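Enquirer: Here's the letter readout for the chains.
2 protein chains.
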Amino acid sequence: MDNKQFVKEIADIENEFAQWYTDVVLKTELVDYGPVKGTMVIRPYGYAIWENIQKDMDDRFKKAGSKNAYFPLLIPMSFFTKEAEHVEGFAPEVAVVTHAGGAKLEEPLAIRPTSETIIGTMYSKWIQSYRDLPVIMNQWCNVMRWEKTTRPFLRTSEFLWQEGHTVHASEEEAQEETLRMLEVYRQFMEETLAIPVFTGRKTEKEKFAGAVATYGLEAMMLDGKSLQIGTSHYLGQNFAKAFDIKYLDKDSAQKYGYTTSWGTSTRMIGGLIMAHGDQRGLVLPPKVAPIQVIIIPIAAHKGGVNEKAIELRDKLVNAGIRAEIDMRESSPGWKFNEWEMKGVPIRVEIGPRDIENGVAVIMRRDTLEKSNISLDTIENDVNNLLTTIQKDMLEKSRARRDKKIVEADSLDGILKGVEGKNFVKAGWCGCRECEDKVKEVAQATARVMCDEEGVPCKCAICGKEAKHKVIFARAY
Amino acid sequence: MDNKQFVKEIADIENEFAQWYTDVVLKTELVDYGPVKGTMVIRPYGYAIWENIQKDMDDRFKKAGSKNAYFPLLIPMSFFTKEAEHVEGFAPEVAVVTHAGGAKLEEPLAIRPTSETIIGTMYSKWIQSYRDLPVIMNQWCNVMRWEKTTRPFLRTSEFLWQEGHTVHASEEEAQEETLRMLEVYRQFMEETLAIPVFTGRKTEKEKFAGAVATYGLEAMMLDGKSLQIGTSHYLGQNFAKAFDIKYLDKDSAQKYGYTTSWGTSTRMIGGLIMAHGDQRGLVLPPKVAPIQVIIIPIAAHKGGVNEKAIELRDKLVNAGIRAEIDMRESSPGWKFNEWEMKGVPIRVEIGPRDIENGVAVIMRRDTLEKSNISLDTIENDVNNLLTTIQKDMLEKSRARRDKKIVEADSLDGILKGVEGKNFVKAGWCGCRECEDKVKEVAQATARVMCDEEGVPCKCAICGKEAKHKVIFARAY
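Taken in order, these protein sequences are the chains called A and B. 1 is the number of the first residue of the first sequence in this note's numbering; add one for each residue after it. 1 is the number of the first residue of the second sequence in this note's numbering; add one for each residue after it.
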């Protein structure tokens, strides 16, 4: 009873996906709207996911040779104008500080929308010789992009992210770094978020403002739309020349460096929700779930139940599992709904009869399967089950996605494909007009190019010779 | 030779302490100046200290029941005016966003100088019932206070910090929380930063704008000046009333909550430098040192030395020690200076003869003592030595500080005391005029009250009856 009543509070996932998303993020207390339009407050349950993401990712970055640093929030507006494409791309979204300390500023300051310009300025000062290269730094920070239409996690005026910025002596090394970090991201998305991604180069239209080449990671959401869940940019010498990042090479010549940048953000949390959720709410992969196991005492008024639950919680916590008990006064049914909605990977029910029999009932959130397990071996069994759930969630996502990829050789085929909630692979001649036409007719964009799969003979839009194979999709 | 040359590059610690500080923070690459006046760039070596601080502190907060969250950077200016003292205190320092997304904003937005107002607004929405209390949240973020005179870490327009914000049902519970967090901070400063602190209540003049009572942690720097290294505020119902933080109590009455806030910042890094440094540069406590052990190969061109150094590094890293090798081409003497300046707690020298004898030479940065240790037991010995250094550094700081505390019963005594680089304990009548007089005559301020030590009979300034015992000092 409780169950149905509860589920009703979340909009229908099939027919009202946007409302389902809003209901889920608010009701599970991941996030709330901030007082300023377009801002979000990340509540403790949402922030704990972000902390788990940060820790996992940060370890990967450090293994890849990156060091963290922190650069200022405020950037002189004049810095943006030094790289022509960059200012064109970001100026319209910038928030500007004009007054501070009770006086008007001489030069207005931008709140960073991204930090290539200020980091480039510092790199120019720090880098003197080939011995100083490569420089590989990352920062975890907030950035601001004034957006007209916003949605929690997916697009907000302020968001949290990490941005890596590197400088290399050669073009080859910088290109390798761009692809190496793309691969670090891909592994993270699959291994930790259980989200399979397509990676590939972006078209000119979709690339980062100021990049030579942008590589994206695209994930399919439950509604068939694509979420750009991370990007890695090869910047060539564009920023090195604009910010005078030069080094004295072994041959005593002054040379410009080659730079890259790469970033992911709190948008990933939106991706988690829309890649794994169901009608009951969130389904969180164990690696990032703030609570991995929730213990619900049954008939807790009976002697010994709460004590046994506490003993069990301590056992699991000591085994390195994030376990909690819900000892509130509400009914077990109400609690089941609450924690299912919150996406906790494993529920353990423990009542007087279970204790007598030395077992507990466990439920997997991802499959909703219930089973009995022995209290004697529960730490191992739960740990193994968490590993299984993590793996199964990726496989399930991948299988679901792979069924929703179609090929098309006409504009109409692309339209039908995306209307059927698919990603559509099609040949493309490389011209902007054809790309715009897909947007106009099918409300879809070129997500990434996947030329390595083999380029079709002709462009699906104009019929001329194709230069690329592209994944088209509607996107967030 | 190398040594003397190197030391010369850092200003004299006895006679030019301010320049010594600037030399050390820049030359050790902890920090650099940002392009906007008053901003700093925290470089990887400095940021690694901050990461170690964060991790240690964050564990303590979580054990104390706090959960992390993230609130927006931008606060409507009108929020500040809701608490009269608060706006008066912070309005002059605020940086203001007036334009965003290419248009003028309807209401100007402040970049947070502290978040009581925006967090209070959200708490008002989230807290309904006594069941929702207490609320204990913390956020790690950047804040901005437009300062006229700035110095890296000590006072910058933007800095990184953590701010805890709590709501309680009763006055007693909120006051307990204020003191409990003060104690969490005290333990952290002593156990992790190896900095002994005085804690106590601040005078009305020195308290946080909007607080009922502020408690400070004051640390003595090498020049005898005090650094406020953390604060914990009891806010009473001031912010609860201003932001309508109300709950339905068990007796069905609507009641205002009682709130607290507490914060520490990247200022702590400035404290570390000025509490432990010496003429050679930084001396870092092992718990926060980015590199705990630096290995310097001697006569590295000889076969087997680098290999042995790598083996040793791996052994130490596997034992959980942050160890690195300096394999650059420079001379050992140059490297000794470099890593001494950078404050690495232990140096290990390893050369061909050492390898033959199965030993290595180690040097403690804090005492500069050298000794031989066996390669067989090096992990244990190094681990024990790190523990000893951590403990000794606190004791050394405490002994040094305790010698520099004097009592005074006259304004002249206070002046002589602070001129002699001491903290001065003196009776105070409690009036603002006397406090201002100390500032005027001795350029010293009331740091904290320590009434628990016993209040002297008369005020050292005016001679009337004393109400408090105060620690006066010159301060950062």
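Be aware that a few hints might be false.
For identical chains, the list gives no copy identity; a pair is met inside one copy or between any two copies.
What the hints assert, rightly or not - Pairs of lysine to any residue, SDA-like flavour, derived with a Cα cap of 25 Å: (1) Lys391 to Thr203; (2) Lys63 to Lys437; (3) Lys63 to Met327; (4) Lys287 to Asp58; (5) Lys82 to Thr98; (6) Lys335 to Tyr130.
Read the hints as simulated data drawn from the structure, not as lab findings. For clarity, every value in this text was computed on a predicted model and none was experimentally measured.
Enquirer: None of the hints should be skipped; say for each whether it holds.
Expert: Each hint, compared with the structure:
For the identical chains of this complex, Lys391 and Thr203 are neighbours neither inside a copy (33 Å) nor across copies (59 Å), given an alpha-carbon limit of 25 Å. For the homomeric pair Lys63 and Lys437, neither the shortest alpha-carbon distance inside one copy (43 Å) nor that between copies (57 Å) is at most 25 Å. In this assembly of identical chains, Lys63 and Met327 lie within 25 Å of each other by CA distance solely across copies; the values are 19 Å between and 41 Å within a copy. Proximity of Lys287 to Asp58 under the C-alpha cut-off of 25 Å is found in both arrangements, the shortest distances being 14 Å within a copy and 20 Å between copies.
For a Cα distance limit of 25 Å, the shortest separation of Lys82 from Thr98 qualifies both inside one copy, at 20 Å, and across copies, at 24 Å. Proximity of Lys335 to Tyr130 under the C-alpha cut-off of 25 Å is restricted to the inter-copy arrangement: shortest distance 20 Å between copies versus 61 Å within a copy.
The earlier numbered hints that this structure contradicts are 1, 2.
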